[in-house]
Amino acid sequence: MPRTPIEPRFKIEYLSILDSEGNLDTALEPDIPPGDLKRLYRAMVLGRRLDERMVRLQRQGRIGTFAPIKGQEAAQIGSVFALRRTDWMVPSFRETAAMLWRGWPIEKLLCLFAGRLEGGQPAPDQHDLPITIPVATQLPHAVGLAYAAQYRGDDVVVMAYCGDGATSEGDFHEALNFAGVWHVPVVFVVQNNQWAISIPLKKQTHSATLAQKALGYGFPGIQVDGNDLLAVYAASREAVARARHGEGPTLIECVTYRLGVHTTADDPTRYRSDEEVKAWERKDPLPRARAYLEKKNLLDDGLEEQVDAEIARAVERFETMADADPLTIFDHVFAERPAHLEAQRAELRERLGADPPRRVDEERPLPTPMRGQRKTSRWAN
Amino acid sequence: MGKLNMVKALNLALLQEMERDDGVVIIGEDVGVDGGVFRVTEDLHRQFGGTRVIDSPLAEAAIIGTAVGMALYGLKPICEIQFSGFAFQCFHQIENHAARYRARSQGRFHCQMVLRMPYGGGVRALEHHTESEEQFYAHIPGLKMVIPSGPRTARALLASAIRDPDPVIFFESKALYHAAKEEVPDEIETMPIGRARIDREGRDLTLIAYGAMLRVAREAAGVLQEEDGVEVEVIDLLTVSPLDRETLSASVQKTGRAVVVHEASRSFGPGAEIAASIMEGAFLSLEAPVRRVTAYDVPFVGFAREWVHIPDAARVVSAARDTLAY
Numbered sequence: 001m002p003r004t005p006i007e008p009r010f011k012i013e014y015l016s017i018l019d020s021e022g023n024l025d026t027a028l029e030p031d032i033p034p035g036d037l038k039r040l041y042r043a044m045v046l047g048r049r050l051d052e053r054m055v056r057l058q059r060q061g062r063i064g065t066f067a068p069i070k071g072q073e074a075a076q077i078g079s080v081f082a083l084r085r086t087d088w089m090v091p092s093f094r095e096t097a098a099m100l101w102r103g104w105p106i107e108k109l110l111c112l113f114a115g116r117l118e119g120g121q122p123a124p125d126q127h128d129l130p131i132t133i134p135v136a137t138q139l140p141h142a143v144g145l146a147y148a149a150q151y152r153g154d155d156v157v158v159m160a161y162c163g164d165g166a167t168s169e170g171d172f173h174e175a176l177n178f179a180g181v182w183h184v185p186v187v188f189v190v191q192n193n194q195w196a197i198s199i200p201l202k203k204q205t206h207s208a209t210l211a212q213k214a215l216g217y218g219f220p221g222i223q224v225d226g227n228d229l230l231a232v233y234a235a236s237r238e239a240v241a242r243a244r245h246g247e248g249p250t251l252i253e254c255v256t257y258r259l260g261v262h263t264t265a266d267d268p269t270r271y272r273s274d275e276e277v278k279a280w281e282r283k284d285p286l287p288r289a290r291a292y293l294e295k296k297n298l299l300d301d302g303l304e305e306q307v308d309a310e311i312a313r314a315v316e317r318f319e320t321m322a323d324a325d326p327l328t329i330f331d332h333v334f335a336e337r338p339a340h341l342e343a344q345r346a347e348l349r350e351r352l353g354a355d356p357p358r359r360v361d362e363e364r365p366l367p368t369p370m371r372g373q374r375k376t377s378r379w380a381n
Numbered sequence: 001m002g003k004l005n006m007v008k009a010l011n012l013a014l015l016q017e018m019e020r021d022d023g024v025v026i027i028g029e030d031v032g033v034d035g036g037v038f039r040v041t042e043d044l045h046r047q048f049g050g051t052r053v054i055d056s057p058l059a060e061a062a063i064i065g066t067a068v069g070m071a072l073y074g075l076k077p078i079c080e081i082q083f084s085g086f087a088f089q090c091f092h093q094i095e096n097h098a099a100r101y102r103a104r105s106q107g108r109f110h111c112q113m114v115l116r117m118p119y120g121g122g123v124r125a126l127e128h129h130t131e132s133e134e135q136f137y138a139h140i141p142g143l144k145m146v147i148p149s150g151p152r153t154a155r156a157l158l159a160s161a162i163r164d165p166d167p168v169i170f171f172e173s174k175a176l177y178h179a180a181k182e183e184v185p186d187e188i189e190t191m192p193i194g195r196a197r198i199d200r201e202g203r204d205l206t207l208i209a210y211g212a213m214l215r216v217a218r219e220a221a222g223v224l225q226e227e228d229g230v231e232v233e234v235i236d237l238l239t240v241s242p243l244d245r246e247t248l249s250a251s252v253q254k255t256g257r258a259v260v261v262h263e264a265s266r267s268f269g270p271g272a273e274i275a276a277s278i279m280e281g282a283f284l285s286l287e288a289p290v291r292r293v294t295a296y297d298v299p300f301v302g303f304a305r306e307w308v309h310i311p312d313a314a315r316v317v318s319a320a321r322d323t324l325a326y
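Residue numbers (the working numbering), protein chains in the order written: chain A, 1 to 381; chain B, 1 to 326.
In short, the hints are calculated from the structure, not lab data. Warning: the hint list may mix true and false statements.
Stated by the list, open to error - With a straight-line Cα cutoff of 25 Å, these simulated SDA-like cross-link-like pairs (lysine to any residue) come out:
| no. | chain 1 | residue 1 | chain 2 | residue 2 |
| --- | --- | --- | --- | --- |
| 1 | B | K254 | A | H340 |
| 2 | B | K254 | A | A339 |
| 3 | A | K213 | B | H92 |
| 4 | B | K8 | B | F83 |
Computed from a predicted structure; not experimentally measured.
With the rest of the complex left out, here is chain A (with noise of 0.2 Å):
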């Protein structure tokens, strides 16, 4: 018997829509009404900002380590512009622009980076999952608020992001695998942005692309310029469509670029080029939307001083917030405390009676350099 090919014979698209070199294509141009267009851009640049304040803080010790986004900035903010309020938002933890899009305080970022627990807390109206740090394990959770929410018979759409890393985890795997079983109303952004730590992409996978390890589940996949605003925000309102409308799950593998450290801890001269980020910085995502938006008579005169201004005052309403009592770390555990942990907060209710704790602000070491920190600098804003 000969081998026969099986249909269907998959295909792979890539969408640019807005080039690096400021080529537009108008026939798939997004019609975004101009006081969103202006929304999106001052989103970007609050993040890229931010980014770049955060770096100080991390530096000056007033936050510890994070997980920079420059670089990533219309990927996140392109794709969850597609969402509503009542749709759900899964992060894994490099998504700061993402979040603050959706409504999270930067002063809560700020306190969940300087260790304290109370900045991971979604308000109660927010549907947002806190940042998840161990690769990939937050996609299950997406696929299974998706299930909730189709049981329910709500309409809901589920956005959960990760990066080109996450992609060769089991929980990544197992994750699209149900998703796709389920045909559940949920998009996986992939942010590629080329390193997982020092990890190349051609090291992290054979694939050719990340979008079309879709197509093994059973759902589309798609590989868009991910520093193109215009290509992102296109393709992630077709796929929140589809989700929308039960056509379930999509993948959109965004092409983008770290072009900062992995985390403030790292050190990304020893393992790649000054080159290959000059090529990339040439591709920045926000110069390419300004230069849009200044086509369009759409930019507003000193948007980066009125940033600057949100996020210092952001800051000093994080340096100001009071600190928690320590006792909190027994609150929320349980629904209810058991009585070990009452004995045990009993116990230290009485040290710190005895000896009051010190206040965050007194005496606030500066952490040890880390390792290649001085060569950082280049990178660090």
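Using the hints, position chain B against chain A.
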């Protein structure tokens, strides 16, 4: 009132909790059409349909991971992991997420979910089908660890676990599934999680056991009564964590002697925590060191040699006699 084995008793709890709360869903491998490999979910798929009794793909991490997502949305998933030996493939979802979501979100979210797992030996099964690994879960803050000892406690504790707002690891002894029948009331019955039960009163020595080891402890208590005239108090722990330290201390304050029996291996096992809590709560009453009768610290022995590995009444009697003679 009917006489039910543990499988039927668990099935009754699932049925009644699903009837009273449409947020309760079941997810696992073969739990639907097949009714579970041990038949604990038998007939539920027919009654409640495939969207509530979910035959999942074969993937432990996503069973627990998607259940976490369902719980975050407000459903009350009951997950079946086919054998507790396979749960290490989802251990990260349990430890990293189910146990922590309440703390991570500072109370905004919590995971009301039950993780049912058959555990333990005595059923002539292969590797990963016979182990007793409750200590891993008991050690994790944010989890409750429950192990019933018979049909009636299984049914009542499972109902309580399903209603508990926190994640509960629910171990079911395979050796007990069909071992004995007990009277189980028709109407819904619950039992408080975190509370041990005095199974037999006595004043000379406290025997602490749970799950399949309860019957071993009972047998040993009978032998000691008959042959030595010793009155043994048997505590059926029922919840490994949070541990009912009060009941343990009160008993040992009375008896002055304690022996802990479990199927888990010894070092860093539940017996160590139980012994420490007795030290803290009944030190001045102790007449002898607390002894542990447990499986040995070896990874796996094969069912042909389980008889030397898993505690039996003779080992318990011998440890009790040593303790009494100390």
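Do the hints match the structure? See the list:
1. K254(B) to H340(A): holds, 22 Å
2. K254(B) to A339(A): Since the Cα atoms of K254(B) and A339(A) sit roughly 21 Å apart, the hinted pair holds (cutoff 25 Å).
3. K213(A) to H92(B): holds, 24 Å
4. K8(B) to F83(B): holds, 18 Å
Every hint from the earlier list agrees with this structure, and none is contradicted.
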